[in-house]
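Enquirer: Sequence:
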Amino acid sequence: MLDIKYIRDNLDQVEAALATRGSEISLEGFRELDKRRRSLLTESENLKALKNSVSEEISRVKDKSTVKDKIAEMKDVSVRIKTLDDELKVVEEEFAAILMTLPNLPHPTAPIGRSEADNMVVRKWGTLPEMNFEPKSHWDIGESLGILDFERAAKITGARFCLYKGAGARLERALINFMLELHTNEHGYVEVLPPFMVNRASMTGTGQLPKFEEDLFRLADPDFLLIPTAEVPVTNIHRDEILKKSDLPICYAAYTPCFRREAGSYGKDTRGLIRQHQFNKVELVRFVHPEKSQAELENLTGHAEKVLQLLELPYRVLNLCTGDIGFSSCKTFDLEVWLPGQGQYREISSCSSFADFQARRASIRYREEEKSKPEFVHTLNGSGLAVGRTVVAILENYQQADGSVVIPSVLRPYMGGLERIEKVPA
RNA sequence: GGAGGGGUGUCCGAGAGGUCGAAGGUGACAGACUCGAAAUCUGUUGUGGGGCAACUCACCCAGGGUUCGAAUCCCUGCCCCUCCGCCA
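Quick note: the first sequence, position 109, residue 109 per the working numbering, numbers continuous.
Treat the hints as calculated values from the structure; they're not laboratory data. These figures come from a predicted structure and were not determined experimentally. Backbone N, C-alpha and C fix where the C-beta goes; we use that ideal spot for every residue, glycine too. Wrong hints could be hidden among the right ones.
Claimed, not checked - Straight-line C-alpha distance at most 27 Å; calculated DSSO-like pairs for lysine-lysine:
(1) 245 to 373
(2) 244 to 371
(3) 75 to 48
To be verified - Ranges between beta-carbon positions, derived for each pair:
(4) 275 to 26: 31 to 37 Å
(5) 120 to 49: 53 to 59 Å
(6) 10 to 211: 19 to 25 Å
(7) 15 to 118: 19 to 25 Å
Could you build the full structure based on these sequences and the hints that come with them?
Expert: Below, the structure written as structure tokens:
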């Protein structure tokens, strides 16, 4: 959520900044409702002040029969207040509806552009593997090794699910453990294991609601939603809290499965693990002092990169352009890993700074001084990494001519020393 | 799922239709005393909205209702605790 006062005072600049995201957003409705809201508020509050003072007078009188006319008058005032408040409620709901659907303002260092074609390559790491054979896709590798079974997953549930088996299941688990150990031991994160379903307030706090409900899986009875990313439960850990300045930065690493409807992506990445309704992810979340958020974004991105470096997977870092950054984000670095089977780089991590956008929605604050007014923290998060896509990258980059896949050396301790996945005779 | 008991300020805890934004204690901060500290004493100490300001409005889990007036009464929901059942 954006700062109401800031929008009010900088209407044109805000409109211009939002326009760089690609869709024209008029703030005329905002301006109108804001005016209306404030005038109703003043009117109602003046009547309330009157009611309060007269009611106090009444309370001091012993013989109520002498103030009959005042009581009657206040009864009338109460009715008028109620009418005004009802009207105000409608206006505020409309106002909030606008406010909650305005995306964050892009950071000045986010390149201006319309689509992913305008994203800026910041750096590249690693060398692309040289193969003297035609690299296979991970689904072919996984199926022929008997470690990924998409057909049976479709039987069990439906499209965009996968059944991992044997060394495949173990590889997934090894990666989760490896990533969590790295971030907790080397990068200073506290491990958390949050609920995988959340309420609407949490989804609203991080920005998934009200705008993106169609991307979420919803439970029928309690009105809970399956998390599309650990960002939601983990950022909401501190919703409606005032944090101690000395506790910042607060850093959490969380493994969770993620559930996404993938509405609107029909026909995209229909094969393989790239786009699934359920996938595992290790997520990094940081609550930081507002002045530090830019530097913290570099830190966070570095932590995600470290995973790829240790796995020796070649990747590049993109500074996403204004047209491509997410709704709540003001700046995002995407990590894209090289996939020989596809002959292209694909997103494996997205590291974002939200500035105070989520903190304002979720009311997450700190005090600069012991006695000073609470101020909003800045929140950041990034995948460290998407586990399923990491499996994809390992299968495709470490594939051998004979169809086997070598396990990256840092993972072997997590795989019981296994060095290579080979076909198990059926 | 059944039966009870609760949700008040940093925390504990009073309150029970009017003078309550809320007693008392505790914690924190400032000052006095002290060479310094402890103890003691004094003062300050919630959040959000509107207003240039004086000031004002709202908030005692949340949302409705009754009333001139509600933390206090009524309804609904959420959460916590105890017992029974069920269950990993």
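Enquirer: Hint by hint, say whether it matches the structure.
Expert: To see whether the hints hold, each was checked on the structure:
1. 245 to 373: Answer holds: residue 245 to residue 373 is near 12 Å, not above 27 Å.
2. 244 to 371: It holds: about 12 Å lies between the C-alpha atoms, which stays within 27 Å.
3. 75 to 48: 12 Å, holds
4. 275 to 26: 31 to 37 Å: 34 Å, holds
5. 120 to 49: 53 to 59 Å: Holds - the Cβ-Cβ distance for residue 120 and residue 49, about 56 Å, lies within 53 to 59 Å.
6. 10 to 211: 19 to 25 Å: 23 Å, holds
7. 15 to 118: 19 to 25 Å: 21 Å, holds
When each numbered hint is compared with the structure, no violation occurs for any of them.
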